[in-house]
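Colleague: Protein chains in written order, with the working numbering: chain A, 6 to 264; chain B, 5 to 333.
Please note that the accuracy of each hint is not assured.
[As the list claims (entries may be wrong)] To give an idea of the interface, some chain B residues facing chain A are shown, with a C-beta separation under 10 Å as derived from the structure:
hint, residue
1, 222
2, 270
3, 271
4, 315
Quick caveat, the hints were computed from the structure, so don't treat them as lab data.
Heads up, the beta-carbon is just placed ideally off N, CA and C, and yes, glycines get one too.
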Amino acid sequence: MSAAYLSARGLGVRLGARDLIANVSFDLPCGCLAAVIGPNGAGKTTLLRALAGLVPSRGEIRVGGSDAAALAIRERALRFAYLPQGHAVHWPLPVRDVVALGRYPHGATDPANLPRRDAEAVARAIAAADLGSLADRPVTELSGGEKARVALARVLAVEASVVLADEPIASLDPRYQLDVMALLRDTALGGALVLVVTHDLGLAARFADRVLVLKDGRLIESGPPSAALSPEVLAHAFHIGAFRAEHDGSPVLVPWVAP
Amino acid sequence: MATLALIAVTAVLAVLSLGAGPVALSPDTVTAALFGAGTEPQRIIVQEIRLPRAVLALAIGAILGLSGAALQGLLRNPLASPALFGAPQAAAFGAVVVIATGLADALSFALPVAAIAAAFASVFVLLAVAGRNANLLILILAGLALSALAGAGTALAVNLAPNPYAALEITFWLLGSLEDRSFQHVALALPFILAGAAILLANRNALRTLSLGEEAAQSLGVDVGRLRLAVIAGVALGVGGAVAVSGTIGFIGLVAPHLARPLIGHDPARLLLPSAAIGAALLLAADIAVRLIPATTDIKVGVLTAIIGVPFFLYLIVRDRRALTGGLS
Numbered sequence: 006m007s008a009a010y011l012s013a014r015g016l017g018v019r020l021g022a023r024d025l026i027a028n029v030s031f032d033l034p035c036g037c038l039a040a041v042i043g044p045n046g047a048g049k050t051t052l053l054r055a056l057a058g059l060v061p062s063r064g065e066i067r068v069g070g071s072d073a074a075a076l077a078i079r080e081r082a083l084r085f086a087y088l089p090q091g092h093a094v095h096w097p098l099p100v101r102d103v104v105a106l107g108r109y110p111h112g113a114t115d116p117a118n119l120p121r122r123d124a125e126a127v128a129r130a131i132a133a134a135d136l137g138s139l140a141d142r143p144v145t146e147l148s149g150g151e152k153a154r155v156a157l158a159r160v161l162a163v164e165a166s167v168v169l170a171d172e173p174i175a176s177l178d179p180r181y182q183l184d185v186m187a188l189l190r191d192t193a194l195g196g197a198l199v200l201v202v203t204h205d206l207g208l209a210a211r212f213a214d215r216v217l218v219l220k221d222g223r224l225i226e227s228g229p230p231s232a233a234l235s236p237e238v239l240a241h242a243f244h245i246g247a248f249r250a251e252h253d254g255s256p257v258l259v260p261w262v263a264p
Numbered sequence: 005m006a007t008l009a010l011i012a013v014t015a016v017l018a019v020l021s022l023g024a025g026p027v028a029l030s031p032d033t034v035t036a037a038l039f040g041a042g043t044e045p046q047r048i049i050v051q052e053i054r055l056p057r058a059v060l061a062l063a064i065g066a067i068l069g070l071s072g073a074a075l076q077g078l079l080r081n082p083l084a085s086p087a088l089f090g091a092p093q094a095a096a097f098g099a100v101v102v103i104a105t106g107l108a109d110a111l112s113f114a115l116p117v118a119a120i121a122a123a124f125a126s127v128f129v130l131l132a133v134a135g136r137n138a139n140l141l142i143l144i145l146a147g148l149a150l151s152a153l154a155g156a157g158t159a160l161a162v163n164l165a166p167n168p169y170a171a172l173e174i175t176f177w178l179l180g181s182l183e184d185r186s187f188q189h190v191a192l193a194l195p196f197i198l199a200g201a202a203i204l205l206a207n208r209n210a211l212r213t214l215s216l217g218e219e220a221a222q223s224l225g226v227d228v229g230r231l232r233l234a235v236i237a238g239v240a241l242g243v244g245g246a247v248a249v250s251g252t253i254g255f256i257g258l259v260a261p262h263l264a265r266p267l268i269g270h271d272p273a274r275l276l277l278p279s280a281a282i283g284a285a286l287l288l289a290a291d292i293a294v295r296l297i298p299a300t301t302d303i304k305v306g307v308l309t310a311i312i313g314v315p316f317f318l319y320l321i322v323r324d325r326r327a328l329t330g331g332l333s
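Full structure from sequences and hints, please.
Modeller: Rendered as structure tokens:
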């Protein structure tokens, strides 16, 4: 595997007297889709928020050779594109304007007046998320699956080197789940590092190059799916087993508890 | 395009405002008197009595509409208005203290200065109570507590008024009016109104990113804590300056953005200027209306805006009831 692009050393986030995450260390290269899994409350969202610089953290984060803590807020926004849970848009803005907000860190702050370079990036993101026919619709009128794709397109439009997606497939039907995961894999193949928080171990096994397993705020396993989703790790992290098989050359994993 | 039309409507209302009153003047006469032609009484009526009043209606209506649109963008809630943060109530309290102590008679400038100072104080207390990274619910609750406190203080001042005449003067001042205002009032309020408007307009594009929520906005490189401070400071400056010379004129900040949305859309940044134009047009129209309504006593413009504005507020709550019961996010 190529050299690390994103490194964390002893990363920790405290809330009052409680460690939400503690002593998390990993190295991830570009062009990699990394799944972050773990039980509810394990610290997955906190890890993404710490990487995006949205919560104060201890330890060190290095991105592309620089210390993330030393980056100005806009510099950091250019490197980390963050997709929060829920895909909320509070006003009925047209899809195109929502996606164009992804160009804000590039200095293109007015969607009605985008420089050419930014307009092209928006067009690419809209095409990648297959939103061409919806571009002028108010985003609040779309279905849940369509909203999720708009949120993803907004994040892709940043064209950041690291994409942090928090449960982008929660509440989507199976078709959209597969579409979104395929889109994130393509983004990774395009050279970005994609971290995706998910509870779907089957999709993690199939799409991820690397899996980070969090439990009680600690990183208990990090590696390729074959190692990080091993029966021992799943038993330790979730107290579950799994049915395993192979289909069309891809691993199939179905969480399973013996009756 | 729609913005230009709104500005044209506002300009027409401004000219009509110069013509309306006990001595009705035609737009031709008004224009002539404005530029030094016409008879001496006409020039005095237009230039010295009605022009300051029209300028204040324009500026105050505009800053109220702009503040309402900015706050609705900041809070991502179409029911937000400047009154939500307690700034106008605090400004009114500051002014009432000056009237009650008789300081206003001794020093004509004490009244506006006290109103602006109290608006500032309320915002600083609001920020101190809510903390730098407070969520919106805490800000709204703290604003509610501060307006109740300012209201209680105002009631106390009326209660302790030295004579019935002082109590009456306070009560009338609280109703909100633009009558008998001079260019002294304009000179006092306008710098604050312009400063507040400049701050709000400078932050318009950052307001748009808040449509995605605070975390997503922050991840796009917007310093959300700083943005929140800037908007509140802009609103305090503008509204404090406005209340100082007009008393409390309510609901223009709430209504103007709602009238702008069907024309402009929901983009919080693009709404700012049209909301200011509609706010100015509304207050000009209301101030013309109070001069035309036949009544034995003058109707105060603040009373008129409230009588029209409050039912509109209720209508909005009923219309958005389903979304509102989802709670504040």
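Colleague: All hints, please: hold or fail.
Modeller: Hint check results:
no.: 1; hint: 222; in the structure: holds (6 Å)
no.: 2; hint: 270; in the structure: holds (4 Å)
no.: 3; hint: 271; in the structure: holds (6 Å)
no.: 4; hint: 315; in the structure: violated (25 Å)
Of the numbered hints listed earlier, the single one contradicted by the structure is hint 4.
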